[in-house]
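> Top line first, the protein sequences correspond to chains A and B. When you line the first sequence up against the working numbering, it's residues 1 to 293, in that order. When you line the second sequence up against the working numbering, it's residues 1001 to 1340, in that order.
In case anyone wonders, no lab produced these hints; they're calculated from the structure. Here the structure is a predicted model, which is why all the values come from computation and not from measurement. Every residue, glycine too, gets a C-beta built ideally from N, C-alpha and C. Possibly wrong hints are sitting among the right ones.
Okay, derived cross-link-like pairs now, DSS-like style, lysine-lysine, Cα gap no bigger than 30 Å in a straight line [to be verified]: (1) A:Lys81 with A:Lys58; (2) B:Lys1004 with A:Lys178; (3) A:Lys48 with B:Lys1199; (4) A:Lys58 with B:Lys1199; (5) A:Lys58 with A:Lys48; (6) B:Lys1116 with B:Lys1199; (7) B:Lys1002 with A:Lys178; (8) B:Lys1053 with B:Lys1042; (9) B:Lys1042 with B:Lys1004; (10) B:Lys1079 with B:Lys1116.
Computed footprint of chain A on chain B; a stretch qualifies when at least three of its residues, placed anywhere within it, have a C-beta under 8 Å from a C-beta of chain A [unchecked claim]: (11) 1024–1033; (12) 1147–1156; (13) 1200–1211; (14) 1289–1299.
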Amino acid sequence: MSSKAQRQPVAITFLVIGVLAIWMILAAFPFLWTLWGSFKVEGDFFSKANWANALTGKLTVSETGARVTGDGYYGAWVQEKFWLAAWNSVIVCFFVVTISLTLGTLGGYALARSTYRYAFWFLLSALIFRAMPPITLVSGYLPVFFQWNLWGHTATTIIVLVAINQPFTLWMLHSFFKNIPAELDESAMVDGCTRFQAFRNVIIPVMWPGVITTGLFSFLLAYNDFAVTTMLLSRENQTMIPKVASFLGTTQTKGNVMFAVSAVVSVTAPLLLMVLFFQRQIVGGLTAGAVKG
Amino acid sequence: MKHKSFFWFVLPSALAMLLFIFFPIVSVLVQSVHVDHEQVIKTVETCDLFGCKESTTVDQNATAALRAEHPLGQFAGFKTYTDRNHLAIDEFGENWTRSNSWRDFGAQMLNLPFYKAISFTLVFTFVVTPLVIVLGFVVAVAVNSAVKAIRGPLIFFSLLPMIITPLVGALILFWMVDARGVVGAALQYLAGDPDLSVKASTPLMWIMLMVYGVWHSTPFAFIVYYAGLQSVNQDTLEAARVDGANRWLQIRHVIIPHLLPLTTFIALMQLMDNFRVFEPIVSFSAEAHATSLSWAIFNDLGGETRQLSSAAATSVLTIIGVAILLSPVLVRTWREFDRK
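All chains, please: the whole structure from these sequences, using the hints.
Right under this line is the structure:
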């Protein structure tokens, strides 16, 4: 590749550098800006006088005496109980990921191994279900959940998120299992295993790379969801994203936008770490569906 | 795989989808043709020294009993669909006959909630999707020609806008374009107008929402194309070079045809995801200027008065929209499968 890079004309090199520089600024700058600004006071983050105040922290120095302040974080995490929302998010994400992977591996394995026509129809209907906007489904849940007193509980939301997650999980795991040679489990069955024993003893030990990748995306769906969690969870069971949205309604009047800003940074941090550690798996997962058709 | 073992393997997953995706769709259909019960009115005669008077009050017990007996409400047929908040058949006809130009007609239609929502949803979907495909391709080609050592960090930063929670990502951009934020200040400077505010202008708000949409989805197209570029046949590329194809011709005749199947995939995913645009409208508090179908449902469901029937009708119309969007793909998949 380097030999090709040397051959390319200067103009194209500059064009490439230009495109990359602009794209990097677009992709990374908003995050850095907000991270930096979250340690300032509101008057600096939204500066009427001069936008550069957000960098120098002029008002932060005069209001708090230091160049940086953790007031926003204190207000959000302690005063407004963001820790509770964070804990709720941990619970929801943990259960959504475990349950959807359990259901998904079983279903995905069967879909990959079945040669009958109905397996194709099953996958196709999963694709249609994948296209349904979650909020349309929520408007189907609400009357029933109110009727049966299921509304507001964490368990209900977990099951709903698992179900909404299933079409995607099935598609992804189905394409991973297709790549595991069928001879592997078939030979185990020739040796006298039942289908489930073959799955347990032969497939489970080799399926982890695919399961981890799928798990990352299940986690993202549960973690990032707003439509379902905001409509189905009661106030004390709220996860982080609806909590951030509720800050917007109440704190703008109180002049505590910085609570929302620090909450936003707190929500972003785990995602950044996730990309940092699992970049290869995420890239692999995104392309798995496309490249293999 | 035997029928029986297939059945037991997919059962849990099928049950979850049946209960929480298929049944809600049915529930939405049923709910949309029902409306709330009217309150039961009873006439009470009260007599005093000056004679008897008849007065009407709401019979709370009877209303509650009726609601408990028929929780769905009363059957209303397509009344919810044709009312002002949805297809607005009457208003449509009235506007049609009254307005004297297309411009006027369009402006009148945008005052109707459903048409306001669907026009933004469609414009968003069909502007953002092609832009995402083009920009994703450009970034992928650029990253692919960068030195290997810096590609890892480049991909890391490129992934951020897509991985970020939509609500949170939109908020971050929104705070920056605020009139007191860094981008907002830059825009005011560039436009030479110190009062310029994205929040106050409908066209600017539409553009900003679409900018967010492109920002959020470009990484997805980029990653898929980037992976596709790794599998371009180097021999074909070499042959094209020997035949005297310049860089542009190589891209045009070797790389683009190779990536075409991926484009179908990206377009399908993007059409589905952009059609449900929702979170940025909440983050930008854009509802005065732009609403989407998902936002309209959300708005009906939230608040003090939960308008379940209205939300259900919008949901059904949204599902019909999704079906229309998906139909070319489904027909094609079905034909391909039939040929096998």
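> Determine for every hint whether it applies to the structure shown.
Evaluated hints:
Under the criterion of a C-alpha separation no larger than 30 Å, the hint pairing Lys81 of chain A with Lys58 of chain A is consistent with the structure, at around 29 Å. This hinted pair checks out: Lys1004 of chain B and Lys178 of chain A have alpha carbons roughly 20 Å apart, not beyond 30 Å. Restraint check: the Cα-Cα separation between Lys48 of chain A and Lys1199 of chain B comes to about 16 Å, which is no more than 30 Å; the hinted pair holds. Pair hint Lys58 of chain A plus Lys1199 of chain B holds up; C-alpha atoms about 26 Å apart against a cutoff of 30 Å.
Proposed proximity of Lys58 of chain A and Lys48 of chain A is supported: the alpha carbons are some 12 Å apart, at most 30 Å. Proximity of Lys1116 of chain B to Lys1199 of chain B is assessed by CA-CA distance (about 18 Å); at most 30 Å being required, the pair is judged to hold. Distance hint between Lys1002 of chain B and Lys178 of chain A is fulfilled; the C-alpha atoms sit about 17 Å from each other, no more than 30 Å. Taking the CA atoms of Lys1053 of chain B and Lys1042 of chain B, the gap is near 14 Å; set against the 30 Å cutoff, the hint holds.
Of the pairs offered as hints, the one joining Lys1042 of chain B and Lys1004 of chain B is violated, with about 60 Å between alpha carbons and a cut-off of 30 Å exceeded. With a CA separation close to 20 Å, the supplied pair Lys1079 of chain B and Lys1116 of chain B stays within the 30 Å bound. Remark: the stretch 1024–1033 of chain B is confirmed as covered by chain A, as 6 of its residues place a Cβ nearer than 8 Å to a Cβ of that chain, reaching the required three. Closer than 8 Å: that is the beta-carbon criterion, and the stretch 1147–1156 of chain B has 6 residues meeting it against chain A, so the requirement of 3 holds.
Counting residues of the stretch 1200–1211 of chain B whose beta carbon lies closer than 8 Å to any beta carbon of chain A gives 0, which falls short of the minimum of three for the stated coverage. Only residues whose C-beta sits within less than 8 Å of a C-beta in chain A count toward coverage, and the stretch 1289–1299 of chain B has 4 of them, enough to reach three; the restraint holds.
The structure does not agree with the numbered hints 9 and 13 stated previously, though it agrees with the rest.
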